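Undergrad: The primary structure of each chain is shown beneath.
2 protein chains.
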Amino acid sequence: MGDCTGRGLVSTLNLAPDHARGLSLAETAHGARISLTARLLRRLLSLLGSPPIGVQLWNGDPIQVGTGPTLATIFIKDRSALLKFLVDPEMQFGELYLDGRIALQGGDLVALLQQVFLRQPRAADPDSVSARLTALLRNTQRNTLSGSRRNIRTHYDLGNDFYRLWLDPTLAYTCAYFATPESTLAEAQLAKYDHVCRKLNLRAGDEVVELGCGWGSLAMHAASRYGARVRAFNISHEQIKHAREQALSLGLGDRVEFIEDDYRNLSSSCDAIVSVGMLEHVGRENFAGLGRLIARSLRTTGRGLIHTIGRSAPAPTNPWIERHIFPGAYIPSLREILQIFELTDMSVNDVENLRPHYARTLELWLSAFEAQRAAVTTMFDERFVRMWRLYLAGSQAAFQSGDLQLFQVLFSPARHGQLAWTRAHWYDTTRAPAWNTAKS
Amino acid sequence: MGDCTGRGLVSTLNLAPDHARGLSLAETAHGARISLTARLLRRLLSLLGSPPIGVQLWNGDPIQVGTGPTLATIFIKDRSALLKFLVDPEMQFGELYLDGRIALQGGDLVALLQQVFLRQPRAADPDSVSARLTALLRNTQRNTLSGSRRNIRTHYDLGNDFYRLWLDPTLAYTCAYFATPESTLAEAQLAKYDHVCRKLNLRAGDEVVELGCGWGSLAMHAASRYGARVRAFNISHEQIKHAREQALSLGLGDRVEFIEDDYRNLSSSCDAIVSVGMLEHVGRENFAGLGRLIARSLRTTGRGLIHTIGRSAPAPTNPWIERHIFPGAYIPSLREILQIFELTDMSVNDVENLRPHYARTLELWLSAFEAQRAAVTTMFDERFVRMWRLYLAGSQAAFQSGDLQLFQVLFSPARHGQLAWTRAHWYDTTRAPAWNTAKS
Numbered sequence: 001m002g003d004c005t006g007r008g009l010v011s012t013l014n015l016a017p018d019h020a021r022g023l024s025l026a027e028t029a030h031g032a033r034i035s036l037t038a039r040l041l042r043r044l045l046s047l048l049g050s051p052p053i054g055v056q057l058w059n060g061d062p063i064q065v066g067t068g069p070t071l072a073t074i075f076i077k078d079r080s081a082l083l084k085f086l087v088d089p090e091m092q093f094g095e096l097y098l099d100g101r102i103a104l105q106g107g108d109l110v111a112l113l114q115q116v117f118l119r120q121p122r123a124a125d126p127d128s129v130s131a132r133l134t135a136l137l138r139n140t141q142r143n144t145l146s147g148s149r150r151n152i153r154t155h156y157d158l159g160n161d162f163y164r165l166w167l168d169p170t171l172a173y174t175c176a177y178f179a180t181p182e183s184t185l186a187e188a189q190l191a192k193y194d195h196v197c198r199k200l201n202l203r204a205g206d207e208v209v210e211l212g213c214g215w216g217s218l219a220m221h222a223a224s225r226y227g228a229r230v231r232a233f234n235i236s237h238e239q240i241k242h243a244r245e246q247a248l249s250l251g252l253g254d255r256v257e258f259i260e261d262d263y264r265n266l267s268s269s270c271d272a273i274v275s276v277g278m279l280e281h282v283g284r285e286n287f288a289g290l291g292r293l294i295a296r297s298l299r300t301t302g303r304g305l306i307h308t309i310g311r312s313a314p315a316p317t318n319p320w321i322e323r324h325i326f327p328g329a330y331i332p333s334l335r336e337i338l339q340i341f342e343l344t345d346m347s348v349n350d351v352e353n354l355r356p357h358y359a360r361t362l363e364l365w366l367s368a369f370e371a372q373r374a375a376v377t378t379m380f381d382e383r384f385v386r387m388w389r390l391y392l393a394g395s396q397a398a399f400q401s402g403d404l405q406l407f408q409v410l411f412s413p414a415r416h417g418q419l420a421w422t423r424a425h426w427y428d429t430t431r432a433p434a435w436n437t438a439k440s
Numbered sequence: 441m442g443d444c445t446g447r448g449l450v451s452t453l454n455l456a457p458d459h460a461r462g463l464s465l466a467e468t469a470h471g472a473r474i475s476l477t478a479r480l481l482r483r484l485l486s487l488l489g490s491p492p493i494g495v496q497l498w499n500g501d502p503i504q505v506g507t508g509p510t511l512a513t514i515f516i517k518d519r520s521a522l523l524k525f526l527v528d529p530e531m532q533f534g535e536l537y538l539d540g541r542i543a544l545q546g547g548d549l550v551a552l553l554q555q556v557f558l559r560q561p562r563a564a565d566p567d568s569v570s571a572r573l574t575a576l577l578r579n580t581q582r583n584t585l586s587g588s589r590r591n592i593r594t595h596y597d598l599g600n601d602f603y604r605l606w607l608d609p610t611l612a613y614t615c616a617y618f619a620t621p622e623s624t625l626a627e628a629q630l631a632k633y634d635h636v637c638r639k640l641n642l643r644a645g646d647e648v649v650e651l652g653c654g655w656g657s658l659a660m661h662a663a664s665r666y667g668a669r670v671r672a673f674n675i676s677h678e679q680i681k682h683a684r685e686q687a688l689s690l691g692l693g694d695r696v697e698f699i700e701d702d703y704r705n706l707s708s709s710c711d712a713i714v715s716v717g718m719l720e721h722v723g724r725e726n727f728a729g730l731g732r733l734i735a736r737s738l739r740t741t742g743r744g745l746i747h748t749i750g751r752s753a754p755a756p757t758n759p760w761i762e763r764h765i766f767p768g769a770y771i772p773s774l775r776e777i778l779q780i781f782e783l784t785d786m787s788v789n790d791v792e793n794l795r796p797h798y799a800r801t802l803e804l805w806l807s808a809f810e811a812q813r814a815a816v817t818t819m820f821d822e823r824f825v826r827m828w829r830l831y832l833a834g835s836q837a838a839f840q841s842g843d844l845q846l847f848q849v850l851f852s853p854a855r856h857g858q859l860a861w862t863r864a865h866w867y868d869t870t871r872a873p874a875w876n877t878a879k880s
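So the sequence lines, in the order shown, correspond to chains A and B.
Here the first sequence stands for residues 1 to 440, where the numbers follow my numbering.
Here the second sequence stands for residues 441 to 880, where the numbers follow my numbering.
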């Protein structure tokens with residue numbers, strides 16, 4: 001490693017080639033080559049925010065970059081991979097990682113990605129020309145009725161056997177709620193269902209609509225523990241199939257109806273409307289329509305909750321995630337989420353940001369996924385394993401770095417006369433809530 | 441009252457004049473006159489949403505309007521008052537009420553106003569042409585540095601003796617927090633300070649900046665109970681004077697600094713930034729600037745809280761309120777409030793809507809104010825008493841009807857690594873909070 005160690009590649013690369021022998025023994029004989037590779041690498045590391053990493057090029061020794069403890073050593077297989085990575089890091093890191101042309105040689109993928117995310121500039125003015133152009137160009141896989149069906153099936157119909165390998169027994173595939181940091185994942189998913197049902201103040205006999213119900217565990221929880229009658233919508237065939245079987249086996253067939261249909265086809269009214277982890281797939285162009293649907297469905301004393309991944313400021317969907325993991329997805333800022341409510345006189349009563357909870361959920365999913373790697377490889381292939389690992393690790397890093405947030409937004413018609421005085425009863429179930437009744 | 445009683449004026453007014461003898465004995469002799477007055481009154485009541493009220497015209501018997509229990513009987517002194525009221529109800533109800541040309545003859549002003557508010561159409565599309573024109577025309581009393589000083593002094597420099605008459609002993613002039621519905625106002629104001637300090641996770645030695653500090657009681661509470669060092673800004677001379685005296689008498693002179701200056705002149709950095717009841721006076725055109733000020737003042741581990749009146753959708757300030765009570769005020773929607781944070785990578789961690797708490801606070805203020813009516817009349821005059829009564833009653837009605845909301849928005853830099861796992865410790869002070877430390 002020579003005199004590069006501890007001094008940082010970036011500064012080393014500013015030296016003349018004959019001083020840069022730490023870069024690669026093989027390349028010291030070819031000054032021009034060193035210079036070009038070194039400049040490319042310097043540019044790439046600068047784009048990544050110069051995180052403290054090692055780099056192992058195709059033909060040289062590992063290079064220590066930056067000062068401080070190294071998070072990971074990245075292996076780059078050939079010059080063409082380096083060039084591709086450089087041209088479009090956001091897309092190509094993932095593409096090259098899938099193909100094995102970029103790999104980690106030791107170190108922590110989550111920590112590496114978190115440091116890269118933390119070093120990216122953020123918070124562009126959403127009204128700027130470039131932001132508006134980006135908005136125009138994004139969401140090409142639009143969420144029409146048929147488009148949504150195609151987008152959703154790409155991800156959620158990978159097979160229930162696959163998800164059973166690494167999710168908790170309830171097959172909850174959204175952010176859990178860790179009432180204490182020591183909670184297990186299964187406890188935290190149940191706690192999430194209770195947290196949501198308590199926020200909605202569910203009571204026996206309440207008619208509840210769920211938009212996008214996954215494998216149905218929240219709907220069944222609301223029915224079995226709170227006595228609600230639930231109509232739950234989902235366009236994933238695999239998920240609905242599992243949910244119906246579960247409801248029958250639990251004797252909830254008369255209280256929970258699983259409807260294999262688009263949420264936009266809801267026509268009944270209800271006391272509570274809930275959506276956990278669907279808004280990410282709705283698309284911003286459909287937010288006003290979702291607001292109107294909620295307003296016409298919810299009774300005047302009704303309550304609603306939307307649980308969704310969000311951002312602190314608008315940004316386009318990561319292109320690699322949209323191509324490989326969630327086609328048609330758009331992660332809105334909290335302000336964009338509120339567009340749902342503004343046009344229909346809905347009042348936001350509570351917003352909770354559960355960001356640390358999703359980071360922890362993803363950490364546990366990733367660890368369970370890695371433990372099942374052999375089974376997943378048999379079911380799919382090595383490339384799929386790398387794809388899924390990168391998705392889970394990248395998501396965990398995004399929540400840890402604050403790039404992504406998790407919002408639960410509780411709302412009701414603005415003229416709703418009955419509101420709980422405080423939120424204390426959500427945290428102390430031994431105490432009955434005090435209700436405020438406006439004289440209306 | 442004849443056959444009008446219980447059948448509703450509106451339907452009666454559709455009858456031919458000779459059937460409308462319930463309207464006014466004096467006018468039955470003049471068919472054309474009845475018809476005109478009746479039509480004017482019908483139009484007015486329709487604009488008000490046809491609430492169940494009685495009307496007493498200048499020259500007739502009381503008229504029962506609508507079915508159900510009567511909320512109040514409105515006396516209209518002359519035809520010119522009726523015409524003015526009709527032309528611009530939002531402005532003229534208040535103007536005529538101040539002048540004694542409209543009065544209540546029995547009944548409840550708050551309940552009447554609440555019913556009127558509940559019956560108004562709301563939630564206009566904020567992007568519509570009319571909404572944009574309204575936005576262009578509003579806020580004529582702009583909040584420049586000198587404009588704000590003039591606007592603020594109009595209201596807050598009415599004299600500390602006046603406010604002492606009807607506020608609680610801490611002179612808190614913002615929404616209280618009723619941990620239980622039985623709390624007294626003084627208890628609820630202290631509970632509000634604790635609620636805010638707990639949300640901000642204030643610790644001994646924390647440097648806190650308060651923007652718009654009123655009579656200084658939150659700043660002194662944060663210093664005396666939480667050991668914070670507070671710099672508190674306010675441009676009301678009367679309030680700052682009182683606050684400085686209080687801080688000295690409580691021995692807090694070395695821990696709390698009251699600065700008679702505009703919040704925009706803040707230049708120091710801090711661990712926490714808090715603003716309770718100032719945003720209403722900032723003006724939407726200054727939200728981005730406030731966001732930048734917060735972002736450059738708050739340290740990377742900092743926390744902030746804005747407590748403000750808000751709406752569920754954008755709407756212009758009530759013109760009577762802007763003329764007589766709060767010049768330059770603008771009550772933003774929650775979505776507009778979030779403009780403060782989006783440009784500077786601040787993350788919203790919690791939003792609480794305390795609407796019922798402000799309705800209750802105002803109810804207690806109004807009742808204390810009425811008890812001090814004689815003293816207030818001596819200090820000012822009868823017209824002032826009516827003005828203040830209408831402002832307090834109208835505000836209470838607006839919170840009861842959901843026309844106004846009260847938001848506490850808690851935020852921190854989006855890359856903040858330390859967040860509490862849950863909000864449970866805000867409600868159980870016997871339990872220490874669990875902290876999440878992102879690996880950043």
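Some hints here could point you the wrong way.
[Said to hold, decoys possible] Chain B is faced by these chain A residues, among others (derived, beta-carbon under 8 Å): (1) Leu118; (2) Thr144; (3) Ser146; (4) Ala179; (5) His324; (6) Ile325; (7) Phe326; (8) Arg335; (9) Asp350; (10) Val351; (11) Arg415; (12) Asp428; (13) Thr429; (14) Ala434.
[To be verified] Away from chain A, derived, C-beta distances all over 12 Å, residues of chain B: (15) Ser475; (16) Ser520; (17) Arg559; (18) Leu585; (19) Ala631; (20) Gly693; (21) Glu725; (22) Arg751; (23) Ile765; (24) Trp805; (25) Ala808; (26) Ala815; (27) Thr818; (28) Leu850; (29) Leu859; (30) His865.
In case anyone wonders, no lab produced these hints; they're calculated from the structure.
The model shown is predicted, which means the values in this text are computed figures rather than measured ones.
By construction, the Cβ of each residue, glycine as well, lies at the ideal position given by its N, Cα and C atoms.
Undergrad: Please go over all the hints and tell whether each is borne out by the structure.
TA: Outcome of the hint check:
| no. | hint | in the structure |
| --- | --- | --- |
| 1 | Leu118 | holds (6 Å) |
| 2 | Thr144 | violated (23 Å) |
| 3 | Ser146 | violated (29 Å) |
| 4 | Ala179 | holds (6 Å) |
| 5 | His324 | violated (26 Å) |
| 6 | Ile325 | violated (23 Å) |
| 7 | Phe326 | violated (22 Å) |
| 8 | Arg335 | holds (4 Å) |
| 9 | Asp350 | holds (6 Å) |
| 10 | Val351 | holds (4 Å) |
| 11 | Arg415 | holds (5 Å) |
| 12 | Asp428 | holds (6 Å) |
| 13 | Thr429 | violated (11 Å) |
| 14 | Ala434 | holds (5 Å) |
| 15 | Ser475 | holds (35 Å) |
| 16 | Ser520 | holds (33 Å) |
| 17 | Arg559 | violated (10 Å) |
| 18 | Leu585 | holds (25 Å) |
| 19 | Ala631 | violated (10 Å) |
| 20 | Gly693 | holds (35 Å) |
| 21 | Glu725 | holds (14 Å) |
| 22 | Arg751 | violated (8 Å) |
| 23 | Ile765 | holds (22 Å) |
| 24 | Trp805 | holds (17 Å) |
| 25 | Ala808 | holds (19 Å) |
| 26 | Ala815 | holds (28 Å) |
| 27 | Thr818 | holds (32 Å) |
| 28 | Leu850 | violated (9 Å) |
| 29 | Leu859 | violated (5 Å) |
| 30 | His865 | violated (9 Å) |
In summary, the numbered hints that this structure violates are 2, 3, 5, 6, 7, 13, 17, 19, 22, 28, 29, 30.
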